[in-house]
Each structure stands twice: as structure tokens, then as C-alpha cells.
Amino acid sequence: MQTFLTLLISGLVIGGIYGLIALGYSLIYRASGLMSFAQGDMVTLGAYLGIFYYVWLGLPILVALVLTFITAFLFGMALERGVIRTLLKKNVIPIYIVLATIAVSYIIQNLAQAVFGSTTQWFPQVFPVANLTLFGVTNQTEAYASFVISIILMIALHLFMTKTKFGTAMRGSAMDPLAAESCGINTSLSTGITWGLAASIASLAGMMLGPMYGVFTTLGSTIGRKGFAGAVVGGYGNMYGAMIGGLLLGLAETFVAGYIDGTYKNQIAYIILIVFLFVKPTGIFNEKAIQDV
Amino acid sequence: MAKLLELIDFHYYYGNIHSVKGINLSVDEGEIVTLIGANGAGKTTTMQSISGLTARRGVVGKILFQGKEIQKYNGYKVATLGIAQSLEGRHVFSQLTVEENLMMGAYLRKDSKHIKDDLKNVYDRFPRLLERRTQMAGTLSGGEQQMLAMGRALMSRPKLLLLDEPSLGLAPLITQEIFVAVRDINKEGTTILFVEQNSKIALNTASRGYVMQTGEIVMSDTSENLLSNEEVKKAYLGG
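Chains as they are written, first to last, in the numbering used here: chain A, 161 to 453; chain B, 240 to 478.
Please note that a few of the clues may not be correct.
Claimed, not checked - Within a straight-line C-alpha distance of at most 30 Å, the following computed DSSO-like cross-link-like pairs (lysine-lysine) qualify:
1) 439/B - 473/B
2) 359/B - 323/A
3) 352/B - 439/B
4) 426/B - 352/B
5) 249/A - 260/B
6) 448/A - 325/A
7) 352/B - 323/A
8) 325/A - 349/B
9) 398/B - 242/B
10) 316/B - 250/A
11) 250/A - 311/B
12) 352/B - 398/B
13) 323/A - 349/B
14) 398/B - 325/A
15) 311/B - 249/A
16) 260/B - 472/B
17) 301/B - 325/A
18) 325/A - 260/B
19) 359/B - 325/A
20) 323/A - 316/B
21) 325/A - 311/B
22) 316/B - 249/A
23) 301/B - 250/A
Read the hints as simulated data drawn from the structure, not as lab findings.
Go ahead and model the full structure; you've got the sequences and the hints to work with.
So, in C-alpha cells, the structure goes:
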């Protein structure tokens, strides 16, 4: 029972992170019909921004969190405005735009290395108490905080997208840009904001990973891919699917590592991904995955 | 009567394809005017260009709204002037509820109290939308979606309402119902320009009409005269 609880909690912690990253992939897919390889690097960006604001500048953790969110938001918007939209305007076919995001991904990784160096940096302890025991399970305090923040972010995003006029307009412009524009919605601004949100959510995931995993330049590309798998399993493009898919993968890999063998930990997400693509490509939330013929 | 909308030597180019070839068209305040013609005549291009929904680089000539040039405006900016369009193919937000769709029509408005009144007016006009207000718009029938598209356009309290093919794909009975609403909306004071494949019902609804053929306006007259015109009868009214 103790083992089960320990694994459950670790699974939810990392699953929450995957869920946040998956959300970004899904938002971008909905808004632009694209997959951004740079999405994982927004995690890395967030982790380093966290170090920059919290360690280098010595700002309080909440201020650092908000500044990381804002900086990443602006970065995501700039990526959409500067790279993605420029290519879309030139009528470049989507696969090449996806390739451009790979280029951006490597540029971010190498820039991070140039600025912060290639050694893993440790994000210092944030809370006065290092460890917390809940239900008899002892864990890093930051791990619990990370799960709580993940859930809060998911609920906040859900409320923003469904209960506010602007969130509904963002969903509307993703569904039917022509109709949205005729209603007076600035669809290109809405797309930019979507990319900004995707980046800022991932950046917070990165900042939360820091104290648990350390910060290194490929942090985001490894974990980002699992977030991507989570988005597909949930139903690519579906917000709720992304959250559930991410949590599910986090739990699956933690339980497999705990009960079966740790060597499979990093493969299980991709095995589940392939199985889903074979058996249920529409994901848990039944998103369109098969081309009309 | 003051001219609300005026197109002066308006052309539209899709790359090298010259799809609208210099048309002149105007709609007075309070009028109801139709634009008829065969498929591919450039009617939808014209309508979407007025609303700023076509690529702006393709526009040559002038579009005036209340005397002001708007041919360079983007879609969302045209909407702020008080031009709303029910698009060809309806374009409802399929995964938003009926009511969310209607509220998107009022996106630019800040007067929440009057928005409530207008929502009620739309439901009074189309009671079927009230029955389905919490349903996803994608689950509605074609006729209901058309009512929703028109209702959404009305929610902005437009000065000019553009309707593109309101009867497309609808059964005759529903078409009648839609056009009763179109007449009512105009009688209540909204200026309307509409495109319609069914020329007979179009000319029976509008007070004036323009006939468009391969990118040009070939005739323009009162509906009465167009209905009795031999060429129009032969080409568009089935003999």
C-alpha cells in the first residue's frame, strides 16, 4: 500500500507536468493546425528564466513565477509573429513550418548553453521545509507544490477558455477564423495569444521541474516529447484530453518503473503512444485523426 | 436617401485571376437590395470583400461605407463599423453552443443590458434557437444553422446586414420561413444586401436587384422591372 501511494503521488506530480506541456501542444494545434517542436524548449526556457529571476536577481519566488510566465508569453507570441506567421503568409506548406520550429528548438537549446553553460544547474530549495509527509509518503515539498500548481493552472485555463468572452472568442477563432473575423474578433491576435499561453504554461512546468530534476539545456526536449505523447493519447487538439493524457502517462511510467522495471520508464510513454495510434488514433477524447477520403 | 454602402469600380484579383471586373453598386439607408447571378459570378467574393474577409491585396477600387473608404480594412475592423454578415455556408461555430454563438455576434458590444434584449429578440424571431440554446451548433439542422448565422449577425445591431445565400441547401418551406424573417428585419429598419441563388424569391423580397455575370454587373433595376425582363426570365427565373 505504501509503495502504491508513493508511486501514485510521484505519478501525479510528473503527470501534471506532462499535462501542462500537452496543453500547449493542443492549444497550438487548434489555433494554427501545426505542431511546434519548440514547445518542449519552452520548458527549458522557463527553467532558466526561473533561475535568472529567482537565483540571479534574487526576486521572491512568486514574483519570479509571474515574470517567467510573462516573459515566456511574450516569447511565444514573438515566435508566432516572427516565424510562424511570416511563413504562413508566404504560403509555405505546413510541414516546412514544422521544420522551422525544429530550427527554433535547437537555437533555444544552444543559446541557453551559451548563456548558462553546459553543466546542470540546481534550482535551490524554495520552501523552508525541504520535505513533506502526506498519507505516510514523504516527498520534496516542491513536488507537492508542483502538482497543486499544475491543477490550478489547468482549472484556470478551463475557466478562461469557457467562461470568459475572450476565451470563447479564442476557441471560436480556432474553429472558424472567417466567422470569428466577421464577428469583430481579431483572429491573428487571438492566434498570437494562444502561442503565448502555450509557451507560458510550459515555462511554468519548466520552472517547477527545476528543483526536482535540475536545469539543463535538453530538459525540455526530453520531457516535452512525453508531453506531446500525452496530447496525442488524450486526443490531439483537445484541451481536456491533453490534461488527462498527460496525467495518465505520468502515472503509467511511474507505476511501470516502480512495479516492473525502471529501465522501461522512458519507453512506456512511447509504447502507449504507438498502441493508441494503432488502436484508437482519435485519443481518449475522440479527436479527428483520420483523413477524410 | 443617403447612400450607406457604395462600391466604385470595384475589382477583385485572386493572384492573376480577375474575378470581379469593376462593378458599381450602392445601397441606400433602409433599403433591401439583392445581388443575383449564376455560380462563379463573383457574388461571394464581392460580399466577403465588403466585410474585409478577402485578402486585401486583391482589392482594387473603392468600397465606401457611410462615405468613408473601407477597402483597406481587415475583417474585424469592418465589423466595428456596424457591418455584419451571415456567411455563405453559414459558418456557425460548430463546437460552441447556440447561445455562445449568438454572444460571439455581440463580441464588440459593451452594453450588456441591451445585449440581453437583443438575445431575447433573436429567440422571439427564431423560437427554435431558444429550444436549442445549450446545444452545440454543429448538431443543428441546416435551417437552424442558417437562423443561427443570421441571429449571430443581428446580435451586433448592424447598420448593414449582409446575407450570403441564406437559402442554400434548404427545403422550400424553411426557405420561405427564412425570407419572412429577412423581410421583417428590413421592415424593422435594418439595411440589407443579400446574395441569393433562388432569383425568384430574391426579387420578390428585395426592392432592387443587381444581376452579376462572370465578374460584371450586367443589369440593375427595380425588382419589379427585373421580374418582367425577358432576359432575366430566361436566364434566372426558369423561362
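Okay, the hints, checked on the actual structure:
1. Taken as a hint, the residue 439/B and residue 473/B pair is honoured in the structure, with Cα atoms around 12 Å apart against an allowance of 30 Å.
2. Restraint check for residue 359/B and residue 323/A: the C-alpha separation of about 21 Å stays at or below 30 Å, so the hint holds.
3. A hinted pair counts as satisfied when its Cα atoms are at most 30 Å apart, and residue 352/B with residue 439/B does not qualify at roughly 40 Å.
4. Annotation: proposed proximity of residue 426/B to residue 352/B holds, straight-line Cα distance about 24 Å (limit 30 Å).
5. Of the supplied pair hints, the one linking residue 249/A and residue 260/B holds, its CA atoms being roughly 26 Å apart against a limit of 30 Å.
6. The hinted pair formed by residue 448/A and residue 325/A meets the criterion: a straight-line CA distance of about 26 Å does not exceed 30 Å.
7. Proposed proximity of residue 352/B and residue 323/A is supported: the alpha carbons are some 18 Å apart, at most 30 Å.
8. At roughly 11 Å between alpha-carbon atoms, residue 325/A and residue 349/B fall within 30 Å of each other, so this suggested pair holds.
9. For the hint linking residue 398/B to residue 242/B, the alpha-carbon distance of about 12 Å falls within 30 Å, and the restraint holds.
10. A threshold of 30 Å between alpha carbons decides the hint, and for residue 316/B with residue 250/A the separation of about 23 Å falls inside it, so the pair holds.
11. Restraint check for residue 250/A and residue 311/B: the C-alpha separation of about 20 Å stays at or below 30 Å, so the hint holds.
12. Simply put, residue 352/B and residue 398/B have alpha-carbon atoms about 19 Å apart, close enough for the 30 Å limit, and the pair holds.
13. For a cut-off of 30 Å, the pair hint linking residue 323/A to residue 349/B stands: about 17 Å separates their Cα positions.
14. Of the supplied pair hints, the one linking residue 398/B and residue 325/A holds, its CA atoms being roughly 23 Å apart against a limit of 30 Å.
15. A hinted pair counts as satisfied when its Cα atoms are at most 30 Å apart, and residue 311/B with residue 249/A qualifies at roughly 17 Å.
16. For the suggested pair residue 260/B and residue 472/B, the alpha carbons sit about 24 Å apart, so the restraint of at most 30 Å is met.
17. Note on residue 301/B and residue 325/A: the hinted pairing is violated, with a Cα-Cα distance of about 34 Å set against a maximum of 30 Å.
18. Among the hinted pairs, residue 325/A with residue 260/B is inconsistent with the structure: their alpha-carbon atoms are about 40 Å apart, more than 30 Å.
19. Taking the CA atoms of residue 359/B and residue 325/A, the gap is near 19 Å; set against the 30 Å cutoff, the hint holds.
20. Among the hinted pairs, residue 323/A with residue 316/B is consistent with the structure: their alpha-carbon atoms are about 25 Å apart, no more than 30 Å.
21. For a cut-off of 30 Å, the pair hint linking residue 325/A to residue 311/B stands: about 27 Å separates their Cα positions.
22. For the hint linking residue 316/B to residue 249/A, the alpha-carbon distance of about 20 Å falls within 30 Å, and the restraint holds.
23. The straight-line distance between the Cα atoms of residue 301/B and residue 250/A is roughly 26 Å, inside the 30 Å bound, and the hint therefore holds.
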